[in-house]
Structure formats: structure tokens, C-alpha cells
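K.L.:
Please construct the entire structure, taking both the sequences and the accompanying hints into account.
Going by my numbering, the first residue of the sequence shown is number 891, and it counts up by one from there.
Derived from the structure by calculation, the hints contain no laboratory data.
Pairs of lysine-lysine, DSS-like flavour, derived with a Cα cap of 25 Å:
{"#": "1", "residue 1": "Lys1143", "residue 2": "Lys1239"}
{"#": "2", "residue 1": "Lys1212", "residue 2": "Lys1157"}
{"#": "3", "residue 1": "Lys1212", "residue 2": "Lys1239"}
{"#": "4", "residue 1": "Lys1143", "residue 2": "Lys1212"}
{"#": "5", "residue 1": "Lys1143", "residue 2": "Lys1157"}
{"#": "6", "residue 1": "Lys1136", "residue 2": "Lys1239"}
{"#": "7", "residue 1": "Lys1136", "residue 2": "Lys1157"}
{"#": "8", "residue 1": "Lys1239", "residue 2": "Lys1157"}
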Amino acid sequence: MISVALRHAYPGFALDAAFAVPAAGTTVLFGPSGCGKTTIIAAIAGLLRPDGGRVVVDGVTLCDVAAGISVAVERRRLGVVFQESRLFPHLSVRGNLRFGLRRAASGPVRIADIVDLLGLAALLDRRPHSLSGGERQRVAIGRALLSQPRLLLMDEPLASLDAAMKAEILPFLARLRAAMAIPIVYVTHAMDEVARLADHVVLLERGRVRFAGTLEEAAARGDLPIAQRDDAAAILTLEVAGHDEKRRLSCLKFGETVLQVPLLVAKTGESVRIRVPAREVILATSYPIGISLHNIVPGTVRAVTEDAARHAALVEIAVGPKCLIARVTPDAVSRLGLRPGIPVLALIKAMAIEVL
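P.N.:
Structure (C-alpha cells):
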């Protein structure tokens, strides 16, 4: 478990945030600029001494202001990746990676594995000045991992990259999330990074925690900021149930529910993450006839939240253990009599489902 409870004041801003998340997978600190994300990362890393609170990672107390405990930065065994790569310019990529090993205790992360995972083989003899921004960040991530950290902290590592470079590095970060057993705390205010990388989310507003829990729950809650964005979508992790080559469709399942999507290059039984945009979900109370939709999903209305800024409503639809979300007009809510507990059908085009 990663347990954080911090208080810290700056002129004009006060952080008072507490959350506890599993010490496995990737936890994303998400929120607008100035909400306290970087302050939390700095306090966990030991780069900031908070006014009050404590930080405990997997049973190890790194900071407890009341008890007078503050473990030195170098003894916290944390890897940190900043917005800038901060590589040593006089060292090659290989030299920068080896630097991560120099002061680390022996551990399971090997340089050959990092080179393979992050696609660094062709870069090993190059100097940082000859690398693209995305390549430099991959090297910085590799160096941090080779320090054998108990926790990897990533403070907006893609913020300084343009869209093309972000697209280049995101697949490597997704591979890192899937392949490494090292927990990650990741700071961003970019929703595409949250959708691809997060297992758990801590939503921050003005120095306070609005929500801490799974990404699936955060994305499907109409009363939370993620669902109140223009790009609101349910984000689900499903199992590939099979492929129909003739129809050029793949089937994804959770429980008794099956979703059809355009044909995937994925093995049966493999887990995939999908986005189902709220604006693409049509609601009905009876089965339509003669329609091109592949996905007609029965569920139950869990909640209806007003989306006043868009003259709309957000409808949460419980489907077994999962939840979809639809953005509809208030008129549709009224005409269909949508309220918690009402059975409903979610109609979703196969082409509208984005496989991440």
C-alpha cells in the first residue's frame, strides 16, 4: 500500500491531501495545473519537507513529521523521472544507464532487459545531444529503473514533448506498465496518458483529493471531473474472447457481456483496454429492429448527473461489475424515464470503441 497524508502551505496555496492506493500498478495523480500534484511527488521523493503528514510505501515509513522521521533522499530507494530528462551530457546512453546501477543495491532490474523494453539498443553509443526528446526520456526512465527503486515517481515526463514525440513514447510507457512489477506514481494533466497508463487515479482539485480509486470507477462517475470533460468515456479492461475473420470482428468479454470491435491483432485470452466515448452511447428501453449496431448491451441505470455546461446529462449504466457512461439530452432522460434502478440498453457502434 502507498499511503500519503500531507499538509504544506505556499503563499496563496495550501495542500491538504490524503489517499491510500495499492502498491502495485500505476497510480496517476490527475488534475489541472497548480492543484498540488508536483508538491506531492516532491514530498514522496524527499525533495520537499512538508509542514505536516506522513508517507508510507509498502510498510516503510519515509516521512512522518509528527514523529520526526524523514529518510534521506538517497536512502528512500525511489526512482524519479522529471519533465526534463536531466541526462549527463558527457556520458553516452550506455554511460547514463550504468550510472543508475552505480549506487543501487543489487536487484532484479537488468540493463539488458531495460534496453530491450525501452528500445534503446540502437542508441547506446550516442550522446544525449544527438537524441530526440522522446529518446532522451526513454533513457531517463531506464536510468531510474536501473537504480532498483521500490517505487518509480514520474512528474509529467511527457509535458515537454510535442504530439509526435508523445505518440512515440506512450507505447513504451504502456509496455513498462505491463512488464515491470515496480509500482509507479505518475503525474499528468493529459487525459490520453491517464487512459493508457493508469490503474488507479487520485483526482486533485485546489490541493484537496476529490477521489482516489480505480481508473474504471473514476471514468464512469458522472459527478467527477473526468466524466465532465468533452472527451468523457468509460475505460474498461476486457478479455479477448475470439475473432471472426470472415466478419472482420473481434469479441471482447466481461462476465456474460460481449462487445464486438473491428478485428484486432491480439491473442484469445489477452487483456485489452478500451475507451467507449460517452457521446457515442445511445440509450434505449426496448430492442431496436433492423439496425447496423453490433453492440446492444443490457444494463441498469446507476446514476444520472446533470451536465449543465453542455445542457446535457451523464447517465451511468451498470453492466455486471463494469460501468458505462452516456451523455444524453435532458429531454432523453425525461422521455425514457431514466433514473437509478431502471433497466436500459446501451447501443454502441463497433467503430466507436477505441482499443488502447
